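If you're matching positions, the sequence shown starts at 16 in the numbering used here and goes up one per residue.
None of these hints come from the bench; they were simulated from the model.
Keep in mind that a hint or two might mislead.
Across the chosen pairs, the derived CB separations fall in these ranges [claimed, not checked]:
| hint | residue 1 | residue 2 | range |
| --- | --- | --- | --- |
| 1 | 98 | 30 | 48 to 58 Å |
| 2 | 40 | 67 | 14 to 24 Å |
| 3 | 72 | 32 | 17 to 27 Å |
| 4 | 59 | 127 | 39 to 49 Å |
| 5 | 66 | 33 | 22 to 32 Å |
Being a predicted model, the structure only gives us computed values, none of them experimental.
Glycine included, C-beta positions come from ideal geometry on N, C-alpha and C.
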Amino acid sequence: MNKEEREQHENQKLKEEVEKLRKENNFSKMGEQASEMLTEEGIKANKTVIGLVVRDTAEDTKEAVEAFVGVVQEQAQVLAKEMLKGKTPPVKSTDGKAVSWRDNLMTNYQKARENN
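Generate coordinates for the entire structure from the input sequences, incorporating the hints supplied.
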């Protein structure tokens with residue numbers, strides 16, 4: 016390589032490094048914005064979540080965050096319904112009979128009245 020080719024090569028390397036740093040800076044800024052948007056929606060964002068939603072532009076990042084929030088909220092509703100499904104198992108007394116919470120409440124109320 017002659018002097019001119021070396022300079023061109025170094026110039027190209029510098030341009031590539033500048034572009035890489037710009038992309039990293041952009042990713043960092045988009046990550047901060049995405050984190051703020053997720054926090055506003057009540058979602059704690061970690062590096063994995065930020066990596067999923069950050070895009071090249073603010074508009075694309077916003078759309079990705081909105082889509083992610085929608086999925087999280089939908090799954091939260093599904094889980095809540097699943098957890099609330101079914102009946103509470105009855106409490107068994109020492110004699111083996113099923114006792115409901117109402118029965119326990121009434122028994123405790125009567126004991127309290129007797130003690131007063």
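Cross-check of the supplied hints:
1. 98 to 30: 48 to 58 Å: Holds: the Cβ-Cβ distance is about 55 Å, inside 48 to 58 Å.
2. 40 to 67: 14 to 24 Å: 20 Å, holds
3. 72 to 32: 17 to 27 Å: Taking Cβ atoms as reference, residue 72 and residue 32 lie about 22 Å apart, which means the hint holds.
4. 59 to 127: 39 to 49 Å: This hint holds: roughly 44 Å between Cβ atoms.
5. 66 to 33: 22 to 32 Å: Once the Cβ atoms are compared, 23 Å apart, the range 22 to 32 Å for residue 33 and residue 66 holds.
In this structure, every one of the numbered hints holds.
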